[in-house]
Amino acid sequence: MEKKNNLDEINLRRYRKNLTLSGQGYIAFSVWTCMKLFMIYTMRREDMQSLIDAVNVESYDEVAQTFVFVTVVVVLSLIALTSVLVHVGIGISAIKYSCGTKKKRGFLVAAGFFMILNIIGIPGYFINPKTGLDTIIASVSVDLTLAYILFDMIYCTGKIRKIQQSASEEEQ
Amino acid sequence: MTKLQRIKEIIWGLMMILAALIMLIVPKEGYDFVIAILSLVYTVKGINTIIYYFTMARFMVGGKNSLYMGIILLDFGILTGTLTDVPHYYVLLYLITLHAFSGVVEILRSLEAKRYGARSWKLKMGHGMLNFAMSAVCIIFMKQMPVAVIVYATALLYSAVLRIISACRRTKLVFIQ
Amino acid sequence: MQEDFHYYATYCAAFLAGYSHQESLQICYSAQFVDLCSKTLLSKLGAPLFAATTQLQLEMMDARTDIIGLQEITRIWASFHFLPKDLYAKKEKRTKRYLSKYRLICGPNGDLLKKTVDLAKNKPLQSVGIAMHVLADTWAHSYFAGTPSLVINNTTKDFYEVCSGPDGESERQIRFRHNPSEPDDLENDIFTNSLYQRNENTIMNLGHGRAGHLPDYSFITYRYLPAWDDYKMIEKNNPSDYYHAFCQMICAMQYLRGDRQTFETETYAFETAAPYEERIRDIIGKRQLSASPDWKRFGEELSGEVIEDFDLDRYQEEYISASRDEKKDTYLGKFFDGAIAHKGMVCGNIFRSGNMLTGFVAV
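If you read the protein sequences in the order shown, they are chains A, B and C. With the working numbering, letter number 91 in the first sequence gets 91, and the count goes up by one each step, no holes. With the working numbering, letter number 132 in the second sequence gets 304, and the count goes up by one each step, no holes. With the working numbering, letter number 8 in the third sequence gets 357, and the count goes up by one each step, no holes.
There's no promise every hint is true.
What the hints assert, rightly or not - DSBU-like cross-link-like pairs, simulated, lysine-lysine; straight-line CA separation at most 30 Å: (1) K581/C <-> K472/C; (2) K175/B <-> K388/C; (3) K506/C <-> K585/C; (4) K96/A <-> K506/C; (5) K17/A <-> K36/A; (6) K470/C <-> K645/C; (7) K470/C <-> K635/C; (8) K440/C <-> K506/C; (9) K464/C <-> K445/C; (10) K506/C <-> K17/A; (11) K388/C <-> K294/B; (12) K581/C <-> K635/C; (13) K17/A <-> K683/C; (14) K440/C <-> K162/A; (15) K17/A <-> K217/B; (16) K464/C <-> K635/C; (17) K159/A <-> K463/C; (18) K286/B <-> K388/C; (19) K445/C <-> K175/B; (20) K17/A <-> K102/A; (21) K581/C <-> K96/A; (22) K388/C <-> K581/C; (23) K17/A <-> K585/C; (24) K445/C <-> K180/B; (25) K17/A <-> K440/C; (26) K506/C <-> K104/A; (27) K102/A <-> K464/C.
Because the hints were derived from the structure by calculation, they are not lab data.
Build the full structure now, drawing on both the sequences and the hints.
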């Protein structure tokens, strides 16, 4: 029992659990972001209208306009779906690493990239804001949380590796 | 319950009754009101969950779940408030699911109460049937937007009355002889 | 703990402590009755509802989890089934809200245990039975709190049974399912537990629901990760705990009979149980859902008398037919008085420690 509760074992449990939670959290946020985009473009008149205005070309007839619009929607949906799949992939990799079923840590590169991207994007909410303060606060909170999740992912992976390395050195 | 808590509960109950009455009097405007209430509920839920994380869950194994859930709820709540074109089918679907599920749970509880010989089973059965009736009304009158408002307002009235009754219950005092 | 320990084992402990067969029967009936005295039963009897010592599944499903409801739940469960070990426990960097729940964690040999036993001194046998139930549960229900709390009572899927064999100690993963109608599968280590619910105050997070019936099986030693202990694993050695509970019950009842001057925590009547230790440990260690037949056989061998099976209706007619003034002198009347006194004592102590989870208590 003492071996189960030595500092290394306790920390290993803590970081593994946190890594699993980070992975799950990242997947949840990715799915939510996708749903949010869907809700914005289907249930907010001005956003839908701005999309329609952006793709409408007056010289086209109605059929052509509809075709262009549908194509744009499909392409945007595919991009959103791909983005979600990439994020879900990062989350799943983190969960697998915490369970010990994955050894490679390549997902950390993507995690680091998206973390920096999130942080860089935050000031953009305050420059020429198009939405109210409450929406800005919510969006900033989401982005900060995402950055925190990704940071936690990287941190916990590093700590797990360090503990495992020192444990194998001790055994040798 | 302290005096302040009782006052808070009663005020909250009265506000809910007022909101329900407004919705019943002007159902068309009431629909936007329903969306606004849903938005407020989820925003408050999100904030509460975040507060819960910082005061309680961060000390718990796996507590970070609460933080992530809180942020998502907050975002959902605020987003709902900005939506201008929610098809009334979505709201009706939400109400149908909610009442149908509540109805099933209440009826199961009433059957269990009857098995134990408890006298409260009839009341529970009544609640369950009422919930089912609300679901049925939503389905039958799905094409008419005011139905969502009327159903929601009725449920709000019922909750408000229960809240006020709860606030007026006496607090137990124990005397050791 | 279950009927096997609360009824039959308590009988055995009472007899070994020096009580007669009839006295032991009254004590053990009272101890088991604590698990059945619900508001539903009390309203059927026309008895004071405040004497409730448990809540039925049905009552808990109906229980509101607003402040009043939570206080009602905590008053019952913390008083009779999850006696707090240390109402003044300290933990660094915790908020007051967290500490109020943390301090209700159950454990053996706390200050409240001594007060529980002292309260039963010079009281009817029913009070002795109530005290023995509470004492026994402090061992079985350790590390859980008698209040709905996700942050205290939640567990993870890291549950392992510790098995001793010729090759030494090994661990077997315990799996949980959420099907209360199916009995626990001891052979394959599949047990029923309550559903995970994120809500802090839901009934699913009351007591040891998340660990299923594991704390109530005397034969099992297991390890798990509780929500409150900073990622440390806890090992729960039920065979050892149950034996300690048995011997502590004997010690407490010897005190209540007057054979000992005082009752102190961390004292056990090992010497009284010694002649039967092997037999008792065999019963405790046998892998079975209920040890009632084995405890009953042991008790009947000890006393040479027949131990009647527990019958919930046994004293009900006496209580119902008694006049208003006579009710307090009936068996159940004395039980209700004892339960109210015990609840008042525990809730008073919780209130005085600055914890509002059982509400306001006037003394």
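Verification of the supplied hints:
no.	hint	result
1	K581/C <-> K472/C	42 Å, violated
2	K175/B <-> K388/C	27 Å, holds
3	K506/C <-> K585/C	16 Å, holds
4	K96/A <-> K506/C	16 Å, holds
5	K17/A <-> K36/A	28 Å, holds
6	K470/C <-> K645/C	27 Å, holds
7	K470/C <-> K635/C	34 Å, violated
8	K440/C <-> K506/C	25 Å, holds
9	K464/C <-> K445/C	25 Å, holds
10	K506/C <-> K17/A	11 Å, holds
11	K388/C <-> K294/B	18 Å, holds
12	K581/C <-> K635/C	29 Å, holds
13	K17/A <-> K683/C	51 Å, violated
14	K440/C <-> K162/A	29 Å, holds
15	K17/A <-> K217/B	25 Å, holds
16	K464/C <-> K635/C	33 Å, violated
17	K159/A <-> K463/C	46 Å, violated
18	K286/B <-> K388/C	15 Å, holds
19	K445/C <-> K175/B	22 Å, holds
20	K17/A <-> K102/A	15 Å, holds
21	K581/C <-> K96/A	23 Å, holds
22	K388/C <-> K581/C	38 Å, violated
23	K17/A <-> K585/C	22 Å, holds
24	K445/C <-> K180/B	22 Å, holds
25	K17/A <-> K440/C	22 Å, holds
26	K506/C <-> K104/A	25 Å, holds
27	K102/A <-> K464/C	54 Å, violated
The structure fails to meet hints 1, 7, 13, 16, 17, 22 and 27 from the earlier list, while all remaining hints are met.
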